[in-house]
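Student: In order, the protein sequence lines correspond to chains X and S.
The opening position of the first sequence corresponds to residue 1 in my numbering, with each subsequent residue numbered one higher.
The opening position of the second sequence corresponds to residue 1 in my numbering, with each subsequent residue numbered one higher.
A couple of the hints might just be wrong.
[Stated by the list, open to error] With a straight-line Cα cutoff of 27 Å, these simulated DSS-like cross-link-like pairs (lysine-lysine) come out:
#  : chain 1 : residue 1 : chain 2 : residue 2
1  : X       : K294      : S       : K183
2  : S       : K183      : S       : K86
3  : X       : K294      : S       : K187
4  : S       : K198      : S       : K113
5  : S       : K183      : S       : K152
6  : S       : K13       : S       : K86
7  : S       : K13       : X       : K294
8  : S       : K198      : S       : K183
9  : S       : K180      : S       : K123
10 : S       : K142      : S       : K116
11 : S       : K142      : S       : K113
12 : X       : K294      : S       : K142
To be clear, the hints were calculated from the coordinates, so they are not data collected in a lab.
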Amino acid sequence: MESHALQIQDSAISGAVKKSRGPLLTPGARCALPVIVLLLLGFAAPLTAVIAYSFAEPHSFNVFSSFSFANYAEIFNTENTVWMSFLWSLSLAAVTVLMLSVIAYPIAYGMVYVFGRWSGLVSTLFVFPLFISENVRLYGWVLFFIKNGVFDGTLNLLGGADAPEVLYSPGIILFGMIYTYLPYMLFPLVLGLSLLPRDVVDAAKDLGASRYQVWREIELPLAMPGFMIGLLLTFVLAVGAIAESKVLGGQSVIVLTHDIEVSFTYAQNWPLGSALAVLITLITGGLTLFMLFKLDLDRVLGRK
Amino acid sequence: MSETALMGVSRQKLLLDLVGVRKTFDGFNAVERIDLSVMEGEFFTIVGPSGSGKTTLLRMLAGMDQPSEGAIYLRGESLNDMPANKRPTCLVFQSLALFPHMTVGQNIEFALKMRKIAPAARKERALELMRVVRLPETYYSKNVMKCSGGEKQRVALARAFTYDPEILLFDEPLSALDYKLRKTLEKELKDLHRETGKTFIYITHSLEEAMVMSDRIGVMRDGRLVQVGTPEEIYTKPSDKFVSEFMGEVNIVRVRPDGSGRYKSEDLAGSFTVNAPASTDGYVVIRPEFLRFLALPSDADNCLTGRVHNEYSLGSRVQYQVRVGERMFLVEQPRRQSFGGGDVTIGWDAADAIFVAE
Numbered sequence: 001m002e003s004h005a006l007q008i009q010d011s012a013i014s015g016a017v018k019k020s021r022g023p024l025l026t027p028g029a030r031c032a033l034p035v036i037v038l039l040l041l042g043f044a045a046p047l048t049a050v051i052a053y054s055f056a057e058p059h060s061f062n063v064f065s066s067f068s069f070a071n072y073a074e075i076f077n078t079e080n081t082v083w084m085s086f087l088w089s090l091s092l093a094a095v096t097v098l099m100l101s102v103i104a105y106p107i108a109y110g111m112v113y114v115f116g117r118w119s120g121l122v123s124t125l126f127v128f129p130l131f132i133s134e135n136v137r138l139y140g141w142v143l144f145f146i147k148n149g150v151f152d153g154t155l156n157l158l159g160g161a162d163a164p165e166v167l168y169s170p171g172i173i174l175f176g177m178i179y180t181y182l183p184y185m186l187f188p189l190v191l192g193l194s195l196l197p198r199d200v201v202d203a204a205k206d207l208g209a210s211r212y213q214v215w216r217e218i219e220l221p222l223a224m225p226g227f228m229i230g231l232l233l234t235f236v237l238a239v240g241a242i243a244e245s246k247v248l249g250g251q252s253v254i255v256l257t258h259d260i261e262v263s264f265t266y267a268q269n270w271p272l273g274s275a276l277a278v279l280i281t282l283i284t285g286g287l288t289l290f291m292l293f294k295l296d297l298d299r300v301l302g303r304k
Numbered sequence: 001m002s003e004t005a006l007m008g009v010s011r012q013k014l015l016l017d018l019v020g021v022r023k024t025f026d027g028f029n030a031v032e033r034i035d036l037s038v039m040e041g042e043f044f045t046i047v048g049p050s051g052s053g054k055t056t057l058l059r060m061l062a063g064m065d066q067p068s069e070g071a072i073y074l075r076g077e078s079l080n081d082m083p084a085n086k087r088p089t090c091l092v093f094q095s096l097a098l099f100p101h102m103t104v105g106q107n108i109e110f111a112l113k114m115r116k117i118a119p120a121a122r123k124e125r126a127l128e129l130m131r132v133v134r135l136p137e138t139y140y141s142k143n144v145m146k147c148s149g150g151e152k153q154r155v156a157l158a159r160a161f162t163y164d165p166e167i168l169l170f171d172e173p174l175s176a177l178d179y180k181l182r183k184t185l186e187k188e189l190k191d192l193h194r195e196t197g198k199t200f201i202y203i204t205h206s207l208e209e210a211m212v213m214s215d216r217i218g219v220m221r222d223g224r225l226v227q228v229g230t231p232e233e234i235y236t237k238p239s240d241k242f243v244s245e246f247m248g249e250v251n252i253v254r255v256r257p258d259g260s261g262r263y264k265s266e267d268l269a270g271s272f273t274v275n276a277p278a279s280t281d282g283y284v285v286i287r288p289e290f291l292r293f294l295a296l297p298s299d300a301d302n303c304l305t306g307r308v309h310n311e312y313s314l315g316s317r318v319q320y321q322v323r324v325g326e327r328m329f330l331v332e333q334p335r336r337q338s339f340g341g342g343d344v345t346i347g348w349d350a351a352d353a354i355f356v357a358e
């Protein structure tokens with residue numbers, strides 16, 4: 001009898017213990033807690049604020065208390081110029097990415113297969129400029145291309161001819177972007193190509209593939225993960241580029257990021273700036289997710 | 001090449017002829033002036049330890065490396081300027097080098113796709129080859145990286161056969177597999193050789209593997225071909241100490257003539273009867289199965305006295321380690337024997353031992 005009572009008590013206790021354990025987090029969740037809090041405060045909260053602002057009344061600070069699509073309407077209103085900067089940013093980014101893939105592929109190929117022991121030096125040369133602020137490097141190019149600058153002056157000295165005026169044009173903006181983002185395309189590509197086993201290329205040749213066939217059937221598909229990371233990285237960076245158009249382009253072209261900056265500062269139109277930010281986030285975010293679905297990250301990181 | 005080696009293949013036509021082939025990498029001679037003839041339909045195996053230059057030799061045959069000197073002739077025509085994708089050779093890599101982004105079918109069909117063969121014909125050929133290498137038909141659309149080691153091996157084999165190359169080159173393709181699977185595939189490879197009638201040139205560091213499969217074997221060391229011959233010749237008449245050691249566990253005694261027709265060893269007592277062609281310094285090679293325990297010292301031409309140090313069961317036979325002075329001798333017997341722990345006498349007949357000159 002006594003023992004029976006004891007048993008009941010026992011099970012009651014164990015039940016209580018189980019219950020009190022229930023709401024406690026699993027070890028995994030507990031470890032993730034700091035990161036979750038950080039992401040909520042530092043990422044989700046500002047993003048929510050920006051999204052909320054994008055639906056606020058134009059030229060107001062009535063966030064969460066008003067709702068309107070006017071900001072989005074303004075972006076797509078062809079009487080305004082905002083849509084143009086949107087288009088400029090997207091097309092400049094697209095052309096940059098396209099040019100970069102054409103420029104970076106041969107360099108990456110060289111670094112993996114041709115340069116041999118010099119490839120370390122070559123990659124250092126490409127990394128080195130990254131230690132200097134982007135703005136400083138861009139002003140350096142201004143000094144190079146400006147009238148009576150390094151380029152013009154040297155030409156004058158040598159042959160008396162004037163250098164063509166290239167500053168403050170869309171072309172020089174593109175040049176600046178390609179220059180700035182080259183490493184971000186180059187290194188993922190090097191990674192992609194270096195994951196390509198030499199034997200596999202030899203086997204393809206042995207089975208009768210020509211150089212072009214080896215490239216199309218073996219090299220490109222196997223280097224694709226690295227290539228896609230490069231494309232993604234440079235596109236996202238290039239869409240958000242602002243310094244190139246300001247410093248080299250001299251505002252000959254107004255890019256999207258510039259419009260966003262103006263909306264939040266001089267124009268004091270936070271809702272419009274927010275709407276622009278939300279749109280561009282949707283575009284780049286959508287692109288990123290799409291790429292990541294297609295991409296096998298395990299293979300890129302050599303875990304397969 | 002000895003005459004008996006040629007006799008077995010004399011009715012066949014000469015296919016490959018290597019004349020003074022040499023390969024130098026940064027001043028290092030990987031392959032040193034090799035002269036070799038391979039007959040049509042032959043299974044020729046090159047054996048050697050790692051770094052002996054056998055892979056380099058194979059890559060030169062495949063056209064992936066160019067000889068620094070000398071020439072390779074295929075039916076009398078030089079192959080030197082012919083790139084890998086034009087040669088009638090196909091290499092099965094040690095790493096297999098399967099295309100990881102393709103299915104089993106796409107891997108096998110690759111050579112045909114490169115030759116712009118219609119998809120239907122390609123598939124038909126791929127399925128035919130999959131039957132030959134015993135891969136189930138359902139594997140056609142399977143991701144090749146999801147196959148097991150043995151299956152990958154079969155895919156690599158089928159892929160090499162697709163476009164009907166005359167010469168198949170194998171670079172230790174079985175080395176990564178476990179023992180049982182390797183044994184199975186060795187036999188299948190030999191069957192495949194017989195069925196297709198193609199010329200196989202095979203590389204391995206295992207002489208055992210070479211013995212099972214080959215018509216002829218070439219033993220390589222430091223970039224040179226030390227001996228070329230049939231498996232039997234290599235086994236019974238190794239040309240030097242290196243080849244005999246490479247054959248597996250053997251007892252080797254360094255001997256020199258004592259002037260009276262017999263031979264002496266520096267670290268063993270007594271003198272020995274040796275079947276040597278001339279009176280020179282050399283090595284006596286005695287296989288463990290030719291050493292036996294003697295009841296009387298006069299039961300064999302030569303004898304030694306020692307103690308049994310250890311015994312191992314090899315399954316079908318028993319191997320004894322016998323300590324004689326400072327040396328160990330290996331004796332293999334079909335059945336276990338018991339020894340009282342005292343001295344034993346081991347011996348061999350001169351006819352069973354091999355003499356190789358220094």
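Student: Now, for every hint given, state plainly whether the structure supports it.
Tutor: Hint by hint, here is what the structure shows:
{"no.": "1", "hint": "X:K294 to S:K183", "verdict": "violated, 41 Å"}
{"no.": "2", "hint": "S:K183 to S:K86", "verdict": "violated, 33 Å"}
{"no.": "3", "hint": "X:K294 to S:K187", "verdict": "violated, 43 Å"}
{"no.": "4", "hint": "S:K198 to S:K113", "verdict": "holds, 23 Å"}
{"no.": "5", "hint": "S:K183 to S:K152", "verdict": "holds, 16 Å"}
{"no.": "6", "hint": "S:K13 to S:K86", "verdict": "holds, 22 Å"}
{"no.": "7", "hint": "S:K13 to X:K294", "verdict": "violated, 54 Å"}
{"no.": "8", "hint": "S:K198 to S:K183", "verdict": "holds, 21 Å"}
{"no.": "9", "hint": "S:K180 to S:K123", "verdict": "violated, 31 Å"}
{"no.": "10", "hint": "S:K142 to S:K116", "verdict": "holds, 23 Å"}
{"no.": "11", "hint": "S:K142 to S:K113", "verdict": "holds, 18 Å"}
{"no.": "12", "hint": "X:K294 to S:K142", "verdict": "holds, 19 Å"}
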